[in-house]
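Visitor: Listed below are the residues making up each chain.
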Amino acid sequence: MSNKQHTYDAIVIGSGISGGWAAKEFTEKGLKTLVLERGRDVKHLIDYPTTNKYPYEFEHRGELTLAIRKENPVVSKCYAFREDAMHFFVKDKEHPYVQEKPFDWIRGYQVGGKSLLWARQTQRWSDLDFEGPLRDDFAVDWPIRYKDLAAWYTYVEQFAGISGNKDGLPQLPDGDFLPAFPLNAVEDYFKKTVSEKYEGRHVISARCAHLSQPRQVHFDQGRGKCQNRNLCQRGCPFGGYFSSNASTLPWAAKTGNLTLKPFSVVESIIYDEKLGKASGVRVVDANTKEVTEYFAKVIFVNAAAINTNLILLNSTSSRFPDGLGNDSGVLGKYVAFHNYSARISAEYEGLKEFTTDGRNPSDGGYIPRFRNLLKQETDFKRGYAAGFSAYRAPERDMSGIGTDLKEQLLHKNLGPWQVGSHMMGETIPKESNYVKLDKDKKDEWGIPLLRISIDYDENDAKMKKDYLEQLTGMFTEAGFKNIKANDAGQAPGLDIHEMGGARMGHDPKTSVLNKWNQLHDCKNVFVTDGACMTSTSTQNPSLTYMALTARAVDYAVRSMKKGEL
Amino acid sequence: MNRRLAIKQVLIFAGGLALLPSCLRNEGKVSIQLQHLDISAAQEKLLAEIAELIIPKTNTSGAKDLGLHLFVLKMLDDCYDKAEQEQFINGLKAFEGLEGAELKQLLTEANANKAGLAKEISQFFSIMKSRTIGGYLNSKYVMSNLVIWELVPGRYNGYFPVKTA
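Chains F and R, in that order, give the protein sequences. If you count by this note's numbering, then the first sequence holds residues 1 to 565, one letter each, in order. If you count by this note's numbering, then the second sequence holds residues 566 to 730, one letter each, in order.
Any given hint could turn out to be false.
If you want a taste of the chain R side facing chain F, the calculated C-beta under 10 Å gives, among others [unchecked claim]: (1) 669; (2) 676; (3) 704; (4) 712; (5) 721; (6) 724; (7) 729.
If you are wondering where the hints come from, they were derived from the structure by calculation, not from laboratory data. Each residue gets a CB set at the ideal place from its N, CA and C atoms; glycine is no exception.
Just chain R, with the same shape it has in the complex (with noise of 0.2 Å):
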């Protein structure tokens, strides 16, 4: 995380973004390098209490903590087209305005995709929800404390016994 990065998320946390001093431009933007997607610090903030709806902080970190709202950006900008990138933004917007139990709401609908609902918001939520997924078990926290993924195994055993349940 860069220094500007830093004090950006302190000040966004302290209580928004009126208090950033002038040295800082491009206070509206997304804290990220994104080279075709134009998202708005105030998306950024909303995809990131998405994400931790989706993997939240238990006794064990959540998405804020392992920033998976910026793979989801990251992924988003890179791998998809610019079809599914509008999509995924008009999708995002259907969540704009709403925090707490009406954004929790809205996100339970779309999980369950809810008859009537939008499509836009259902699209948005596939992406947002297997990309998430993805990058929370596919990152360093989780790979070297919960799910151990091992780069030298060193051993294959075909016949390792597990308890049957």
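Here chain F stands alone, though its shape is the one from the complex (with noise of 0.2 Å):
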């Protein structure tokens, strides 16, 4: 085939949150699009084979075999790498990376990437975030603030599908939401305790990226009300959650100018050093292993944090020795994550008028940052915001055996409330939290493996130990009975949520990407996956990756027609 007919208007790697977002854009401004995948296709509906399966269908009843086990130390760990959806995982012996430090790195290849799998969370940052690094003195001053991303923050949302409520708090701004997911009577009441008895600290409905109530736009994509199934991390029949398989990725090929490639392993991006920027990218086709190169006049890296890393480390030239787009160094430095490596538990005798019927797929509530907010109070940075939520469950009086055993498994008298939350702490970006190409291993691609060197710090034990502090005194104040802290000390990754390597920043000799998330030294190559972030929030962040992408790809076309791309 003639370059020619590798040639298109714009390149997308990944296909994932934010690959299927810039997919979206660009094919709606008429762009022709490639978006290379380097997993296997997974059409919505037609390819979630577990989707509609019950318990019981499920050969060990949704449990991990010793042997996958064994075989997986590291996804095992994770809480949805379960029967009904493990085939949407990496597993570990398929692609080996070097741990100089314990990280558990969880990755999905597949078209959709974890868009399939994510918890779906979707908060705004305020300025309180972007201006943490300049305030509390750590990575590099963002160079954006709220006022850059509100609109786009808007117009992501519309489209994906918000739930949640206006709750007017500075730390977490309004969107255009679909209506929350209620609270139920002790998240309530919990939260009535707890904004009367502490200043500034709240419990809001979960916000989150499912259609409480679809508006035409919704419907437009093919997709319905969410129908609390709680299923998510198989693929939705309804399309009632946001993923980029049953939204932006169908959306981008109605238009007729998107090109999906999946099995397609990016190995680099080609820089021409004649015409001074990216001409392409170089592909490893994943089962043939066929290389072929494919041209673009932009780029977009989406191939998810600490994969984007290693293609930009993996893309050297002799203007980028060290990778392109990485005359600061700084490149795979600064990776940051959150802090998830403690919880709580506890019981509530009250209430007992009171349970749930049905499922909320929004988690229940959600504490926003308190710590640290407006000036600094604590002996560590930042702070952290923290899950909440509450349920009863049949209290089964399970010691016995026979007619009595047998009655206590069938009878729905009810347990009193449990309730639990999990902390997600902001981490501090450091230039010692780093990945890197290993020198001499290679995997079944010819790309080199990745090490990966990221740790907890002083600053995210303090923060932990107040964690559990506060959240234990909240939950005394409530009357909750039996609590029970729990320091999990998972290893970080665990999370999913990885961010930075190419981190934004004014300075070119500080960072890698501008303010537009362009490469400094690279004008027509853009990232705009969570490696593109400079501080970390106590947010969830895949809501930002939305908006910063589609908010770059209006630019790099804008600059495109301009010609100056």
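Using the hints, put the two standalone chains together into the complex.
Guide: Below you can see the structure in the form of structure tokens.
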């Protein structure tokens, strides 16, 4: 085939949450767009093999076999890697990496990526986040502020469909929401207790990417109302939650401008020394290993944070011997994540006149960050958000056998409310938390293995201690009993919120991307997935990736029209 | 259930393996395919009896009706390591030859974790009981008839009223 047949207007590497958005935006604006996905195709509705299965239709009722657990010590730790969804996760053996320090790297290599598997929590950032590094003296200053992103948040919320309340909180700006999933009796009770006894602390309905009440734009995508199945990780036959598969990719395909190529492993981005910009990408066929080059005027790298770093680091040329756009030397460094390593549970004896019926896909309540919010007030930097949820289950005395036991198993007498919370801590990006290429080891596709060296620090330990103390205090105030603080001690990575490595910043000497997510030193390459993040905030990051992507495509297309790219 | 298993079970109920026609090979073997475990037909039958004592048939189906002992074997085969499997088999051996009141007696003692009981027996029993319960609660029968599990709830009420006792 000639180069002409391999030439597009835009190339997007990756088809997950941010890649799907890049595809939608480019194709809607009329650009012939190639989306490269290293995994297999997963077509909405067609490729969700377990979606309508009952628990008893799984050979092991959902459980992992010993053989699978032994073969996959890393991914087996992920809560969603179970019999019903394990086909959407990368198996450890298939894609090895080097852990200089323990790091549970959870990946989904297929069309749609982890957008099929995410926990769907979607909160905006505020200037308390964007101004964080500058105020608290870490990382580098974000080159953008909330006002740069506000309209783009609205834009992506409207299309994706985000449920939530307008809570009027400075740390969690309101958006254009579908109705929130309501808190239950005990979540509401805790909300009331917290707002009465703690100034500046709030419990709100978790904001999530579920269609609680679809609008026309969602029906136009072929999606329908969320049916409260809470089986999202299998792929949703109703399109009830946002995924690339259900939303952005079919939308992009409808324009006629999308070419989607699964099984396409991007080895590197090709830099044209004469033109002084990138000309295309080099792709290894995942199955045949055949190498093909594709060309475009603009390239978006949306391979998921750590793999985006890998591709850039592996894209070397005489102009960029240490990786594309890495004049600063910071590429691969200042990687951070969210600290999810603590949780707390308890019981509540009150409100026994209520229980829940049906299922709440939003996960219940959300406690926005309250520590160090407006000024520094603790001995650690930044703070944490937290989940909060309550439920009741039948109280079954299973000590007997025979008819007694059987009666216990079948009765519906409910026990007390069970309550729980988990921590979502901001971590501080540091030069010493990095990913880099292994000098010798390569994978099956001839690409260097990644070495990951990421760890908690003292700030994380202090913050975790504070979370456990504060939540214990709040639970005690609410009259919860049998409070159990659990310092889970999990390795970084299992939060699946890895960020950074190609951070945004004002200064090309200390950052990789400018305020438009454009490589400072190679203007037609953009990074709008987690790799671009200068700091991590406490909010779940995906909504911000969506907004950054839509904004960056808009800028890229405007620049192209002006002949600037 | 395949035809061979069906015939075999009829024969077992009819009075024992001696009646098996010669066309049925492996007559001494367990009726489901297992990768690691070596279980005899007699052990399988014993496990069925034990499961039935844990969850008996009443006016609703019990362990035998639901084949829960086969689920226990499947889980034991696929989800436990060799040492645990061996402990299970060794524990099971203590029950071999027992029936009726004697079988129930040892089972009751195992359930009470009676002092002086061999370690293998409690290890066997803990897996046997928890997996029988799991198989029961996750069976099609229970999930469709007794404790209904909904694939598509389509609703959420956080203030669902319940009678307080």
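Visitor: Work down the list of hints and note, for each, if the structure agrees.
Guide: Evaluation of the provided hints:
1. 669: 8 Å, holds
2. 676: 5 Å, holds
3. 704: 6 Å, holds
4. 712: 7 Å, holds
5. 721: 4 Å, holds
6. 724: At 5 Å from the nearest chain F Cβ, residue 724(R) passes the 10 Å test, so the hint holds.
7. 729: It holds, given that the least Cβ distance between residue 729(R) and chain F is near 5 Å, below 10 Å.
Checked against the numbered hints above, the structure violates none of them.
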